[in-house]
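Using the sequences and the hints given, assemble the complete structure.
Keeping their order, the protein sequence lines are chains A and B. By the count of the UniProt record's numbering, the first sequence reaches residue 649 at its end, each step adding exactly one. By the count of the UniProt record's numbering, the second sequence reaches residue 649 at its end, each step adding exactly one.
In case anyone wonders, no lab produced these hints; they're calculated from the structure. Hints may contain errors.
Note that the list lumps identical chains together, so a pair holds whenever it fits in one copy or between two copies.
[What the hints assert, rightly or not] Calculated cross-link-like contacts (lysine to aspartate or glutamate; reagent style DMTMM-like; alpha-carbon spacing at most 20 Å):
1) K388 - E286
2) K287 - E613
3) K444 - D35
4) K444 - E596
5) K603 - E434
6) K444 - E602
7) K142 - E576
8) K258 - E540
9) K42 - E541
10) K603 - E286
11) K344 - E532
12) K297 - D582
13) K544 - D36
14) K48 - D36
15) K287 - D582
16) K297 - E463
17) K48 - D218
18) K25 - E148
19) K587 - E62
20) K388 - D349
21) K444 - E621
22) K29 - E540
There are 2 protein chains.
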Amino acid sequence: MGNADYECPHRVAIPPAKPFLTSLKSGVKETLFPDDPFRQFKNQPTSKKFILGLQYFVPILEWAPRYTFSFFKADLIAGITIASLAVPQGISYAGLANLPPIIGLYSSFVPPLVYAMLGSSKDLAVGTVAVASLLISSMLGKEVNPNENPKLYVQLALTATFFAGVFQAALGFLRLGFIVDFLSHATIVGFMSGAATVVCLQQLKGILGLVHFTHGTDLLSVMESVFSQTHQWRWESGLLGCCFLFFLLLTRYFSKRKPCFFWINAMAPLTSVVLGSVLVYLTHAEKHGVQVIGNLKKGLNPPSLHQLAFGSPYVMTAVKTGIITGVIALAEGIAVGRTFAMFKNYHIDGNKEMIAIGMMNIAGSSTSCYLTTGPFSRTAVNFNAGCKTAVSNIVMATAVMITLLFLTPLFHYTPLVVLSSIIICAMLGLIDYEAAIHLWKVDKFDFVVCISAYVGVVFGSVEIGLVIAVSISLLRMLLFIARPRTVLLGNIPNSMIYRSMDQYPIANSVPGVLILQIDAPIYFANANYLRERISRWIYEEEDKIKSTGGSTLQYVILDMSANGSIDTSGISMLEEVKKNTDRRGLKLVLANPRSEVIKKLEKSKFIEAIGQEWIYLTVGEAVAACNFMLHSCKSNSVTVDKFDAQDNV
Amino acid sequence: MGNADYECPHRVAIPPAKPFLTSLKSGVKETLFPDDPFRQFKNQPTSKKFILGLQYFVPILEWAPRYTFSFFKADLIAGITIASLAVPQGISYAGLANLPPIIGLYSSFVPPLVYAMLGSSKDLAVGTVAVASLLISSMLGKEVNPNENPKLYVQLALTATFFAGVFQAALGFLRLGFIVDFLSHATIVGFMSGAATVVCLQQLKGILGLVHFTHGTDLLSVMESVFSQTHQWRWESGLLGCCFLFFLLLTRYFSKRKPCFFWINAMAPLTSVVLGSVLVYLTHAEKHGVQVIGNLKKGLNPPSLHQLAFGSPYVMTAVKTGIITGVIALAEGIAVGRTFAMFKNYHIDGNKEMIAIGMMNIAGSSTSCYLTTGPFSRTAVNFNAGCKTAVSNIVMATAVMITLLFLTPLFHYTPLVVLSSIIICAMLGLIDYEAAIHLWKVDKFDFVVCISAYVGVVFGSVEIGLVIAVSISLLRMLLFIARPRTVLLGNIPNSMIYRSMDQYPIANSVPGVLILQIDAPIYFANANYLRERISRWIYEEEDKIKSTGGSTLQYVILDMSANGSIDTSGISMLEEVKKNTDRRGLKLVLANPRSEVIKKLEKSKFIEAIGQEWIYLTVGEAVAACNFMLHSCKSNSVTVDKFDAQDNV
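Below, the structure written as structure tokens:
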């Protein structure tokens, strides 16, 4: 049964073997430098290369010379707007991390300056974020009680910030930024909504004016803590909180309807703080159960290099906290940077951004700042306020500096409940139920990932939610490979095109030929499955032929168009399939094996075994050849042995 | 720029949406029941279903009625042959696990009987294996010293066997057998070779007649232990060991050259034991530094249910040991069963085998047996001896029973060094350097997996080697998805076929059209990469056109033939690519989106955004449409806006 008479219209090419080092080099380059960052350095004199290199790592050198006064006017307005948001948010989020409020203000001074020099985003507004703050308090709080041992707790928070920065910068330098990509969109939606829910729940402490509160972040602990001390609830605090929350939600609603009034929303937190402080000062509400911030130290960030507790027994906790919060902060910062870069049509290099965010946190950790990144809310305000460059961050830092130098006493009477309202209002915007509905409609699996992240965060802890969601996402990818779809192809009428018979009901099967396509690379994880699945396709087809009485099966064509890769287990699988088909008197034919696959099939001598003449460029040509053989066989009345493949003892 | 005039030859079909539960059900079925085990139950009366079900779980009921005397003759010979191997191997491997030698004999009695009833392989010979024995001693030995507390150690070994059995059976019942597939061929080659090396190294204790020996299994500990006590080496023992090793290797070499003399190799271990015992008995060598087995208790397996130490503080160690050794044993047993089933052309159901092996270990753990599976060497001997069914296991068990009842005193003078020689000889066959060379030739990545498993086992520990190899294998799969290949397609001359220009140097690019193919599902892990990579392809193409002066780029065709799946992050990526191409004045065209992809694109309204008329069944048709548009555009002198995409501040 040869096909020497049949002339094959096109041959499948076997690309020449590349030397090992060449292919290794190109593999590493595609994996770690997919964006070809050295492109601009090519064919440049050394001095120019040096300048370009400096500009690569310190982008301000590149754009500062072209900075104009009209840019500055825009950046000034944007900077002042985000400063008005930064001050109350800084104080609030520091409270969420169980850190002294002043550290929240410090964190809006140094990191924005560093980012303005090193960052490549024109819109990112730097600051602390709620989720990372919550993570710090939950992870460090397990080891050190912030009320009993505040000094050690602050040291650990700064140390964690340092390690977060080192980890972030290292990811960037080592071009491993793609690790952040493993937090899928669905994971982030579920995780952020869950974290926002948890943060809102934590605010019940402030709203209800409770003094004692659980250290747990899960729904059950919080509910138990709230309802076990109903007699401690303070109506004054609650009333104030609800009023301000209503005010903040109203301004947000208004700004959403009319985007040109974005500044109303941006100014609302500061307005609330001022109103609240004045109210407390006038009514002396601090003596009637409304807790206030109290004294804030005047002056700029004190250096804190000596506070980094590398020798502490809790240093491993700090490292762990740093790595987890660092990844979360990176994911938010880079996603936000990319989103706004796309609006303005410029490009952001993820790895470069990681270095910038990492350096800003390393610098922050030695100047009494805790973890910062580019929060979505503040960046959106910055963008809407018309910022042109990172100078808006410098303006914000200057405004915060003035606050630190002169205005801190004004916050003495600021009620904590206002800060809680600000946090709740910001967090409610993060609970993205519309995105979850969209996920359910488009991709059920993504919805499962999203919901498990949410449930994990709300009922377990932030880390549990994250681990569950990432595991399920990875499982999906592994499952895609471990259980690839195999589809039956049929002929689209009046064409040489073969497509899935499930997708195209008009496609017709070819008598005597079984055409299969496998939708994934053939790897060890699916080799056994595919072997069994292919033999099931064969006997199902034979059963069908038996019951309907068509022409007997003679050829099995494997369309390998969708097999991007194969490993040695996969090749063994093909060898076994070949043995199996030979034993049943069937001929195995391959169509369109891809570059990598055909190279390996050649090296492992599988091509010799199957015969080069049984490998075709398209399914159409393979079927044509099979049909040619079928008819010439029939006319020569060649009989094909059929081996009885039933299991007998 | 529409293409309303152009008539599309074939339309891409959007398969009708299936109800959620239907698709969930078919997904679960494909994942857990790919081999359709209930097929034979269809359309059968209830009584028949019951019988079939019973035969499904107890295969002996199915084949016993058809058992003939000629089968029995063959099985008798095979059974006696493997029994002659089982007795010395059982004693040796028990020593490797630091268990009393008699437990090794017990383990060749009950488990083969259980397997004969439940197993579906006709060739598998049941027994203990070296690697699992070594694992037991290294994992349990860390917690309990077998010399100081032998009773507890034996209890833990039996408990670990019990948990291994439960875990194995549970995997089978839950249809999770594919977990074993994650041990790739390359992993197993490296792991087995490494374990064999480690086992050989451990035998230096016996060969050199050392009394004190390290509990570590890594090369460095063993070498230190050996060379720190050179004055303790016993030449008598060494000489005896080398002689027997030479004899065993010689018989193996001879049997390999002449397969019909397989029995010489099979009988050699028992011959060595007899010769060694006689020699020691005659020369009283046990008084000159040659250690002997000593007294073995007569009698059959005592029940050991009461010895299972569920309440022990070390129970978690036993669970962990059970799970790891259970998986390793399963992997070996199933791989061996499948290999020999393929020779004889019958099918083995992996999940059913797991239940059989699991039940045999559960039964074993309550009758003083430790972990058993189907070792390759013994099964190969069984196969070569011409076994027909699992009755050969029953014959072997009977022979072992006779040994236990009457012959144990004969082993009193058996020198340990002979057992060491038997182990070394068996292990040298497992070091498969030829397979490693093959891996290097065919697939460099598999070679890395193999070598890291080997190095991990030899220099670290058995568990470390396993974890490293499995992680690298999984990383490869993730990397395949995280960094998919994107290839440039060109036209094969005189055809409508488009193929990779790397693979087919004869393929020509189409002026004004960039055709890309992505080789993996579009998932969150690669969405960012692909977005950047596609825009790099576009600007590289534009640079090329600028420098060579061809016709300007107008169309980007994405061939989606190899994209088996997409998730919501992938869809967002496509939306961004569309925005990006729109901004550059390019038109995005899709070719051959697959069933799952097109369904999701429709649900997410991406098809509306791109326009149904820009989705083609093949690349050829897409190119034809683009060419049609290009020329009609030119003749109408429609100019296309080109947006300057350079980054300016």
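Now the hints, each set against the structure:
1. K388 - E286: neither (43 Å within a copy, 91 Å between copies)
2. K287 - E613: The answer is neither: 93 Å in one copy and 71 Å across copies each exceed 20 Å.
3. K444 - D35: Neither way: K444 and D35 sit 32 Å apart in one copy and 25 Å across, limit 20 Å.
4. K444 - E596: Intra 33 Å, inter 12 Å, cutoff 20 Å: inter-copy only.
5. K603 - E434: between (52 Å within a copy, 15 Å between copies)
6. K444 - E602: Classified as between: cross-chain Cα gap 15 Å, same-chain 40 Å, threshold 20 Å.
7. K142 - E576: Classified as neither; 55 Å inside a copy, 42 Å across copies.
8. K258 - E540: The answer is neither: 62 Å in one copy and 42 Å across copies each exceed 20 Å.
9. K42 - E541: between (58 Å within a copy, 17 Å between copies)
10. K603 - E286: neither (81 Å within a copy, 55 Å between copies)
11. K344 - E532: between (52 Å within a copy, 16 Å between copies)
12. K297 - D582: This pair counts as neither: shortest intra-copy Cα distance 85 Å, inter-copy 54 Å.
13. K544 - D36: Classified as between; 16 Å across copies, 53 Å inside a copy.
14. K48 - D36: Close inside one copy (18 Å), not across copies (66 Å); limit 20 Å.
15. K287 - D582: neither (91 Å within a copy, 62 Å between copies)
16. K297 - E463: neither (34 Å within a copy, 55 Å between copies)
17. K48 - D218: neither (56 Å within a copy, 54 Å between copies)
18. K25 - E148: Cα proximity of K25 and E148: none, with 55 Å in one copy and 55 Å across.
19. K587 - E62: neither (64 Å within a copy, 33 Å between copies)
20. K388 - D349: Result: close within a single copy only, 19 Å intra versus 66 Å inter.
21. K444 - E621: Neither, since 38 Å and 33 Å both go past 20 Å.
22. K29 - E540: For K29 and E540, only the inter-copy Cα distance (16 Å) is at most 20 Å; the intra-copy one is 45 Å.
Taken one by one, the earlier hints fail for this structure at numbers 1, 2, 3, 7, 8, 10, 12, 15, 16, 17, 18, 19, 21, listed in ascending order.
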